[in-house]
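Chains as they are written, first to last, in the numbering used here: chain E, 1 to 295; chain A, 296 to 822; chain F, 823 to 1199.
Rather than coming from a laboratory, the hints here were simulated on the basis of the structure. Even glycine gets a Cβ: it sits at the ideal position worked out from N, Cα and C. Honestly, I wouldn't trust all of these hints.
[As the list claims (entries may be wrong)] Taking lysine-lysine and the DSSO-like style, the derived pairs with C-alpha atoms no more than 30 angstroms apart in a straight line are:
(1) F/LYS1158 x F/LYS1183
(2) A/LYS794 x F/LYS893
(3) A/LYS720 x F/LYS898
[Said to hold, decoys possible] The following residues of chain F were derived to be distant from chain A, with all beta-carbon distances above 12 angstroms:
(4) TYR964
(5) ALA1067
(6) ALA1072
(7) GLU1082
(8) GLY1129
(9) THR1134
(10) GLN1187
[Stated by the list, open to error] Partial list, computed: chain F residues near chain A (C-beta under 10 angstroms):
(11) LEU851
(12) ASP861
(13) ALA890
(14) SER894
(15) HIS897
(16) LYS898
(17) ASN905
(18) THR906
(19) LEU920
(20) HIS976
(21) VAL1010
(22) LYS1023
(23) PRO1027
(24) HIS1055
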Amino acid sequence: MAVHQTYYVPAQSKWPIIATVGLGLTLFGVASILVQGRQGNSTTVPWAVFFAGALIMAYMLFGWFGNVIREGRAGLYSPQMDRTFRWGMSWFIFSEVMFFAAFFGALFYVRTFAVPWLGGEGDRGSSAMLWDGFRATWPLLENPDPARYPGPREVIGPWGLPLVNTLLLVSSSVTVTIAHHALKSGHRGRVKAWLGATILLGLGFITLQAFEYHHAYTELDLTLHSGIYGTTFFMLTGFHGAHVTLGSLMLIIMLVRVFRGHFTTEHHFAFEAASWYWHFVDVVWLGLFVFVYIL
Amino acid sequence: MSTVAQSHTEGYGHGPARGITRWLLTTNHKDIGTMYLVFSFTMFLLGGSMAMVIRAELFQPGLQIVQPEFFNQMTTMHGLIMVFGAVMPAFVGLANWMIPLMIGAPDMALPRMNNWSFWLLPCAFLILVSTLFMEGGAPNFGWTFYAPLSTTYGPPSTTFFIFAIHIMGISSIMGAINVIATILNLRAPGMTLMKMPLFVWTWLITAFLLLAVMPVLAGVVTMMLMDINFGTSFFDASGGGDPVLFQHVFWFFGHPEVYIMILPAFGAVSHIIPAFSRKPLFGYHSMVYAVVAIALLSFIVWAHHMFTVGVPLTGQIFFMYATMLIAVPTGVKVFNWVATMFRGSLTFEAPMLFAVAFVILFSIGGFSGLMLAIAPSDFQYHDTYFVVAHFHYVLVPGAIFGIFASAYFWLPKWTGHMYDEVLAKTHFWLSFIGMNMAFFPMHFLGLAGMPRRIPDYALQFADFNRVSSIGAFTFGATQLLFLFIVIKCVRGGAPAPAKPWEGAEGLEWTVPSPAPYHTFSTPPEVR
Amino acid sequence: MCVWARRTVALLVGLVTAMDASADWTVNLRPGATGISHDIFGLHMAILWICVAIGVVVFGVMFYAIVAHRKSRGHKPARFHENTTVEVLWTLIPSIILVIMVVPATATLMDIYDTSGADLDIRITGYQWKWRYQYVDDDFGYFSNLVTPQDQIHNRQTKNEHYLLEVDNPLVLPVGRKIRFLVTSNDVIHSWWVPDLGVKKDAIPGYINETWTRIDKPGLYRGQCAELCGKNHGFMPVVVKAVPAPEYAAWVSDQKAAAEQERLLTEKDWTLEELVARGEQVYQTTCAACHQPDGSGAPPAFPALNGSPVATGDANGHIEVVLNGRQGTAMQAFGKQLSEVDLAAVITYERNAWGNHTGDKVTPQDIVAYRKQHSSP
Chain E
1 MAVHQTYYVP AQSKWPIIAT VGLGLTLFGV ASILVQGRQG NSTTVPWAVF FAGALIMAYM
61 LFGWFGNVIR EGRAGLYSPQ MDRTFRWGMS WFIFSEVMFF AAFFGALFYV RTFAVPWLGG
121 EGDRGSSAML WDGFRATWPL LENPDPARYP GPREVIGPWG LPLVNTLLLV SSSVTVTIAH
181 HALKSGHRGR VKAWLGATIL LGLGFITLQA FEYHHAYTEL DLTLHSGIYG TTFFMLTGFH
241 GAHVTLGSLM LIIMLVRVFR GHFTTEHHFA FEAASWYWHF VDVVWLGLFV FVYIL
Chain A
296 MSTVAQSHTE GYGHGPARGI TRWLLTTNHK DIGTMYLVFS FTMFLLGGSM AMVIRAELFQ
356 PGLQIVQPEF FNQMTTMHGL IMVFGAVMPA FVGLANWMIP LMIGAPDMAL PRMNNWSFWL
416 LPCAFLILVS TLFMEGGAPN FGWTFYAPLS TTYGPPSTTF FIFAIHIMGI SSIMGAINVI
476 ATILNLRAPG MTLMKMPLFV WTWLITAFLL LAVMPVLAGV VTMMLMDINF GTSFFDASGG
536 GDPVLFQHVF WFFGHPEVYI MILPAFGAVS HIIPAFSRKP LFGYHSMVYA VVAIALLSFI
596 VWAHHMFTVG VPLTGQIFFM YATMLIAVPT GVKVFNWVAT MFRGSLTFEA PMLFAVAFVI
656 LFSIGGFSGL MLAIAPSDFQ YHDTYFVVAH FHYVLVPGAI FGIFASAYFW LPKWTGHMYD
716 EVLAKTHFWL SFIGMNMAFF PMHFLGLAGM PRRIPDYALQ FADFNRVSSI GAFTFGATQL
776 LFLFIVIKCV RGGAPAPAKP WEGAEGLEWT VPSPAPYHTF STPPEVR
Chain F
823 MCVWARRTVA LLVGLVTAMD ASADWTVNLR PGATGISHDI FGLHMAILWI CVAIGVVVFG
883 VMFYAIVAHR KSRGHKPARF HENTTVEVLW TLIPSIILVI MVVPATATLM DIYDTSGADL
943 DIRITGYQWK WRYQYVDDDF GYFSNLVTPQ DQIHNRQTKN EHYLLEVDNP LVLPVGRKIR
1003 FLVTSNDVIH SWWVPDLGVK KDAIPGYINE TWTRIDKPGL YRGQCAELCG KNHGFMPVVV
1063 KAVPAPEYAA WVSDQKAAAE QERLLTEKDW TLEELVARGE QVYQTTCAAC HQPDGSGAPP
1123 AFPALNGSPV ATGDANGHIE VVLNGRQGTA MQAFGKQLSE VDLAAVITYE RNAWGNHTGD
1183 KVTPQDIVAY RKQHSSP
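So here's chain E without its partners, still in its complex pose (with noise of 0.2 angstroms):
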């Protein structure tokens, strides 16, 4: 085992209760505005809630960041303290991927099982005397209860929008990769620059996403509401590309704190767990191309 130096251990902090409160507030104010919105109630009470908790949330956010960034520039942390970092990192990702493996999971359940059932196939086959002229297809158009979920006109092919994003992705990995090669000789000019090329190509993809999203919804009829195609289309390249968003936020405080001047060629981790979540990112949604536009 490696020499042990002292490893930091903080004083009292206010942030992990103040980001309580905050997660606390907003959820509950989600949940309250879905209920009474649902109710035919006014929402005005949840909206302010849920606006208060995630002011709260964004205070804690910078002043917890903040604070750690101030700590890792003084000196405090030990090389101990960066496994550590990498650990939580790397764990938190594989959290990550088991969250999207349950939404992949039910898209391969629907596919193999559920649907062939409600079309006569396999071992509850009978249950298609339910289900008068259901026939099972994929993409399914037409639902068992067509006046219930409405199916969807017409699906999204993979070779448009889709190959344009997928390749949108797949350079910003790359281009990610770069920058990082860039920091750690030193680089900060280069950095900048690809570091800069990253998130405009993350922003690109979710511009092209929305737009996809749109087409969607008002030419092709497929929505959230149209049966288990669209249940599933939406769910997983909706969660994905939040987490584009989120990744792109990341990236975008890395390139803000680039041009501050923090990091140095040997520290750098945020950058590092950073670059991570983008490959990640960018991993899931190889899955999903195969798996949702292409298959």
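Chain E is fixed; fit chains A and F onto it per the hints.
Below, chains A and F alone, put in the same frame as chain E:
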């Protein structure tokens, strides 16, 4: 294992802050551990009082105390509170207190995040418990919240329940990351993985399980949220979904979850039995491998909770075989504990009493688990009181007795005082009798055909239900005695030496009792 | 005061007699009445005895240690803590026992899953909170409701022998025939379970699960719903009446005749009194669990009917709610569950009971007319 050359216990020069800020703002693993344990016991009493309502209603046939809607809310909340509020936080509390002491670390790896993990729990349970007072009542679909009863047919408060689960999940994931980083990165020099105390080992594996399955739980409640509020059709056949999909995703989380609730108890008992047998643990290596095997198997057995939903035959056979396999590593653990006691020099203080009861009664739960694994027989047992008996046998004398054993074992270290042995033994025997009286007759009820989660029952079930209720009241009331014992021990009692148990081993016994506010600021050397 | 005293006495007397009548300390599964249930019973006993044997050996050793190796007896601890041979042994022996156990279990499981070659198909549909049985081959079917009176459930009356396990229309099946069940649900997940048949199958909305039985001897076999399905999960029993084949054939032709009779009733001219009388019966079995026998409901989930705008306002609005239910609430669509006569009767009853004195008469023909008018073109 863990012979200590030197132990540094000089502090940072500052003790705990005064007043409420000590607890709100703390970054100290001992404070946070204490808060977890106090929170857990509070939830234990709350969930327990709901169990008392359930048992009072079931005391005799007919509807007398509560109506069926409220009864269903009680069974649901009892399950959720006990699983997520009592058992899991208790083990996280023990982990917070003991892991740094056992591996010679100055604190948990990420102390501020540690505090956040804790404070999210009261926040989550505030939301969860508040649903009891909402229009339409609290969740009433059982702690397994099967769709579509919990989606299309759920009460409005379901959305709040979903966000409460999300917050608990965030708390557990951060807690697990902290445990893993602490164990992998903060061990004292010389403490290799295969020298780690078993409690640390079991918690390392538990933390991996948490990281793997809590996000899946988050995923399934997110799908519920979408089905309820945004018109998706994950669990609705008329849109091409499947209600059974819910069960697959839920139990992919749910089965590892039950090991999350028992593995740390395995670890703690593996310290207590050697200590009071005055003999080293038999088969340390096979104990570690057995825990790893159990954890891995837990990912491929989930559908044994779903034998009656119509899983295709091949799936049914696969899950039956995989489930039966779990008996092998679990058996190895039990045999090892018995072999540790064999030809030892045994004494039976309260921790040992609870630990021995743990081994025997948990095995009974294991046996009924093996019976449940036989898919054809499960068609008769499934969703009856036989299942209720089974999981209460693994959770009450398993997880809860494991927690009591740990608490008595380490109370002297935490408080600096010995607890009252006579009262503690009384607590044990009353708990032991009450628990068996409450849960053993449930086996008979299930075999005789009584379904679970019913507020009223046919007359042939009346007698055993009465016995069971009396046992449950005994067990419930006895837990107030535990509260008294702990308070008494915190406030005073015979001073505890650094190592109050003759046969105990490990770094935690090298620091004074009570453990100083900061320990191992410089790591000890382990040979 | 007097009422309370009487009730208390009745309750106590009821309790005591109930206890006496049913002092029942059954501790084991029943072997049941089918080949499968006997196979399951055999598996159950085998695994139980294996567990007992293992338990006796392992805990025998433990108790020996607890008694003999106490410190108080001056026992000095040994120092052994590893032995690869025993570790391997106690890994292998349980594995072998499991393999032995797996063989008969797999055989029984495959038997349970073999639904081919059935003589008769029955579709079983779970509803909140009753069962519907459809004789697919003979084209008739009916609902099966709990008949235990609310007074017994609320301890105002002595509970009878089959408390909570009695229904109005049991599922009638012939003995000695292979019967395939097609199990599904109309709303949430239920589970159709009769212990004596060794059959338990979840009823999944939108899907059909298959299972089967062949009953050996005639008799009444009772079971319950085995999957939490909401408020009245404890109040939807299953009763199977197994009869010899000739008796079954006679019963089937009676049922077909009765179905024809029902169609004639729709044509008949009903008086208000007749409709109210029939409607009260329908109400008590179908509606009272939620809306309460006196129409007071259990707000907010189950609104009161006495004085409600629906039950006292426009009759067509009332018909609409009863026939098609209310989306997003617990109110089901009863149009497919009840006959036109029963629909008309129950609506008439609701409009003329508990202070709802509309004097309206809704006839079966009105329902037929409403359906025609509102069916999609």
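Structure-based check of each hint:
Distance restraint check for F/LYS1158 and F/LYS1183: the Cα-Cα separation of roughly 21 angstroms lies within the 30 angstroms cut-off, and the hinted pair is therefore satisfied. Under the criterion of a C-alpha separation no larger than 30 angstroms, the hint pairing A/LYS794 with F/LYS893 is consistent with the structure, at around 19 angstroms. For the hint pairing A/LYS720 with F/LYS898, the CA-to-CA distance comes to about 25 angstroms; that is within 30 angstroms, so the pair holds. At roughly 23 angstroms, the least C-beta separation between F/TYR964 and chain A is larger than 12 angstroms, which holds for a residue marked as non-interface.
With a minimum CB-CB distance of about 27 angstroms to chain A, F/ALA1067 clears the 12 angstroms threshold, and the non-interface call stands. Interface exclusion of F/ALA1072 from chain A stands, the closest Cβ pair being 31 angstroms apart, more than 12 angstroms. Annotated as non-interface, F/GLU1082 keeps its C-beta farther than 12 angstroms from every C-beta of chain A; the closest such distance is 33 angstroms. Once the 12 angstroms rule is applied to beta carbons, F/GLY1129 is consistent with being away from chain A; the minimum gap is 22 angstroms.
Residue-level check passed: F/THR1134 sits 25 angstroms from the nearest beta carbon of chain A, beyond 12 angstroms. Annotated as non-interface, F/GLN1187 keeps its C-beta farther than 12 angstroms from every C-beta of chain A; the closest such distance is 32 angstroms. This hint holds: F/LEU851 has a C-beta 5 angstroms from the nearest C-beta of chain A, less than the 10 angstroms allowed. For F/ASP861, the interface hint holds, the least distance from its beta-carbon to any beta-carbon of chain A being 7 angstroms, beneath 10 angstroms.
Restraint check, F/ALA890 versus chain A: the minimum CB separation of about 9 angstroms is within 10 angstroms; hint holds. At a threshold of 10 angstroms, the smallest CB-CB gap from F/SER894 to chain A is about 7 angstroms, leaving the interface hint in force. Checking F/HIS897 against chain A by beta carbon gives a least distance of about 5 angstroms; that is within 10 angstroms, so the hint holds. Of the supplied interface hints, the one on F/LYS898 holds, with its beta-carbon coming within about 6 angstroms of a beta-carbon of chain A, less than 10 angstroms.
Here the hint on F/ASN905 is kept, as its CB sits about 8 angstroms from the closest CB of chain A, short of 10 angstroms. Taken as an interface hint, F/THR906 checks out: its beta carbon lies about 9 angstroms from the nearest beta carbon of chain A, inside 10 angstroms. Satisfaction of the interface hint for F/LEU920 is found here, the shortest Cβ-Cβ separation to chain A being roughly 5 angstroms, below the 10 angstroms cut-off. At its closest, the beta carbon of F/HIS976 sits 6 angstroms from a beta carbon of chain A; the interface hint therefore holds under the 10 angstroms criterion.
The criterion of a C-beta within 10 angstroms of any C-beta in chain A is met by F/VAL1010, whose closest approach is roughly 4 angstroms, and the hint holds. Checking F/LYS1023 against chain A by beta carbon gives a least distance of about 6 angstroms; that is within 10 angstroms, so the hint holds. The closest approach between the C-beta of F/PRO1027 and any C-beta of chain A is roughly 6 angstroms, which is under the 10 angstroms cut-off, so the hint is satisfied. Below 10 angstroms, beta-carbon pairs count as interface contacts, and F/HIS1055 has one with chain A at about 6 angstroms; its hint therefore holds.
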